[in-house]
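**Student:** Assemble the whole structure, with the sequences as input and the hints as a guide.
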Amino acid sequence: MNRRTLLQLGALTVLSPSCSTGNDSSGSSSSSAPEVSTADLATFDSSLPAGPPTHLPRRAAWITTEEVEFFRQFGIGMNKAVASREVQYVEAYTTTNLVKNVRQLETALARGLGALAFQPSDYNAQLPVLEAALRQGVCLEGIITHPSTLQIAASQYDIGFRQGKGAADYALQHLNGLGRVHYTNSDTVPQLKIRHLGVLDGLKTAGDAVEVVSDLTWKDTASENVKAFMVALAAHPEINIILGGDGFVAPAYRAMEADGKLRPDMYFAGIDGDAKALELIRQDGPYRSTLAFGWQLMGYGIGWFAADWIEGKQIPRVLVAESILLDSAASIDTYVADNNSPAAVFADRAKYERYCPLLGNVSYATRDTVWRKEYIPK
1 MNRRTLLQLG ALTVLSPSCS TGNDSSGSSS SSAPEVSTAD LATFDSSLPA GPPTHLPRRA
61 AWITTEEVEF FRQFGIGMNK AVASREVQYV EAYTTTNLVK NVRQLETALA RGLGALAFQP
121 SDYNAQLPVL EAALRQGVCL EGIITHPSTL QIAASQYDIG FRQGKGAADY ALQHLNGLGR
181 VHYTNSDTVP QLKIRHLGVL DGLKTAGDAV EVVSDLTWKD TASENVKAFM VALAAHPEIN
241 IILGGDGFVA PAYRAMEADG KLRPDMYFAG IDGDAKALEL IRQDGPYRST LAFGWQLMGY
301 GIGWFAADWI EGKQIPRVLV AESILLDSAA SIDTYVADNN SPAAVFADRA KYERYCPLLG
361 NVSYATRDTV WRKEYIPK
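Just so you know, our numbering puts 358 at position 358 of the sequence shown, and the rest follows in order with no gaps.
Hints in this document: simulated from the structure, not taken from any laboratory.
Computed from a predicted model, the values in this text were never measured in an experiment.
Keep in mind that a hint or two might mislead.
Simulated DEER-style distance windows between Cβ atoms [unchecked claim]: (1) Glu-131 / Leu-172: 47 to 53 Å; (2) His-236 / Asp-368: 51 to 57 Å; (3) Met-230 / Ala-42: 47 to 53 Å; (4) Glu-211 / Ser-341: 18 to 24 Å; (5) Gly-207 / Pro-49: 35 to 41 Å; (6) Ala-39 / Gly-260: 51 to 57 Å; (7) Pro-57 / Glu-211: 51 to 57 Å; (8) Val-99 / Pro-49: 41 to 47 Å; (9) Gly-177 / Asp-368: 23 to 29 Å; (10) Ser-46 / Met-230: 24 to 30 Å; (11) Asp-187 / Leu-98: 42 to 48 Å; (12) Thr-334 / Glu-106: 21 to 27 Å.
Cβ atoms here follow ideal geometry from the backbone N, Cα and C, with glycine treated the same way.
**Tutor:** Structure (structure tokens):
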């Protein structure tokens, strides 16, 4: 077991929400120490035969607690897929209101569902309605969460490490060993705490050339985070590397620009591929890069597999969310074209799997095969 795997397992055991124990198959849940799985899974085999009719409602839902751009893009992709398969699409956003989120999950299930895509919020609050969905044979499609039939998975450590390593390399090459970092972490989301460790380890590859002078946890709104950052900048005017999600980094860039504090040798880098970040990267200035995900492509796959599940066909157990480095106009153009054409990209499996590798097999006939751990791709 290598150091990265140890970090993944150790950090997630300490920091993830309460998870069930035992193996991956279905069974009673527990609130004991969380577990993760890094089990080897074969590539998804779409040629395996379908099972018997499911008689499930031709309805698929996407319910999340965050009304942000990338989740909107996910919903757009999912809607495109299910519409092409004559499956009704249901969407609900609750802007971090846990009670409302659970109520919307319950309402969608009561109307009848064949598939439910959802984002993790409070594990214990969401669990009863998710277990009820499983008992009804609904396909649960969870984003880095469980219980789930199909889990969207990502190596958060690797994503963070890539961001930190990019900054470290820039500091060594362009900042004469004087990289001073502000990082706004996403530790309010338990699954993203491992990303924080990855960023810090990536930065450490520069040795003494990089120092983290400000490390703040995400607040409720971008404006609050920018205000906190500007306070940190006043205390540490030497800051020249700004990292975090695009939802923070792009507004921080604009705030420094408006304040006349932007310098051409600075290094801004985000994660998620937000439109505002892409606009800034195209300018070939201090906003150097973002690690993007094919959100429409992910959503399209989730919608397509929802329809397959309803029809008794085979679907993957895991859809891996690969991070795509966007650091030039050319790379952005390719990404945007692919992400905005999910049906065409999905039809070319090799092209689709550059963004979203597919692993494992499950179907309604084998619906007792349920993820009860977070899966971390190798």
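**Student:** Please go over all the hints and tell whether each is borne out by the structure.
**Tutor:** Evaluation of the provided hints:
Under the hint 47 to 53 Å, the C-beta atoms of Glu-131 and Leu-172, about 50 Å apart, fit the expected range. Judged by the Cβ atoms, the range 51 to 57 Å given for His-236 and Asp-368 holds: they are separated by roughly 54 Å. A beta carbon spacing of about 50 Å between Met-230 and Ala-42 agrees with the range 47 to 53 Å that was offered as a hint. Evaluation of the 18 to 24 Å hint for Glu-211 and Ser-341 yields a failure: the beta carbon distance comes to about 43 Å.
Between Gly-207 and Pro-49 the beta carbon distance is about 56 Å. The supplied range of 35 to 41 Å is therefore violated. Checked against the hint of 51 to 57 Å, the C-beta distance between Ala-39 and Gly-260 comes to roughly 53 Å, which is consistent with it. Checked against the hint of 51 to 57 Å, the C-beta distance between Pro-57 and Glu-211 comes to roughly 56 Å, which is consistent with it. Between Val-99 and Pro-49 the C-beta distance comes to about 43 Å, which sits within the given range of 41 to 47 Å.
Under the hint 23 to 29 Å, the C-beta atoms of Gly-177 and Asp-368, about 56 Å apart, miss the expected range. Separation of Ser-46 from Met-230 is about 51 Å and departs from the stated range, judged on CB atoms against 24 to 30 Å. Between Asp-187 and Leu-98 the Cβ separation comes to about 18 Å, which falls outside the hinted range of 42 to 48 Å. A C-beta distance of roughly 41 Å is found between Thr-334 and Glu-106, which places it outside the suggested range of 21 to 27 Å.
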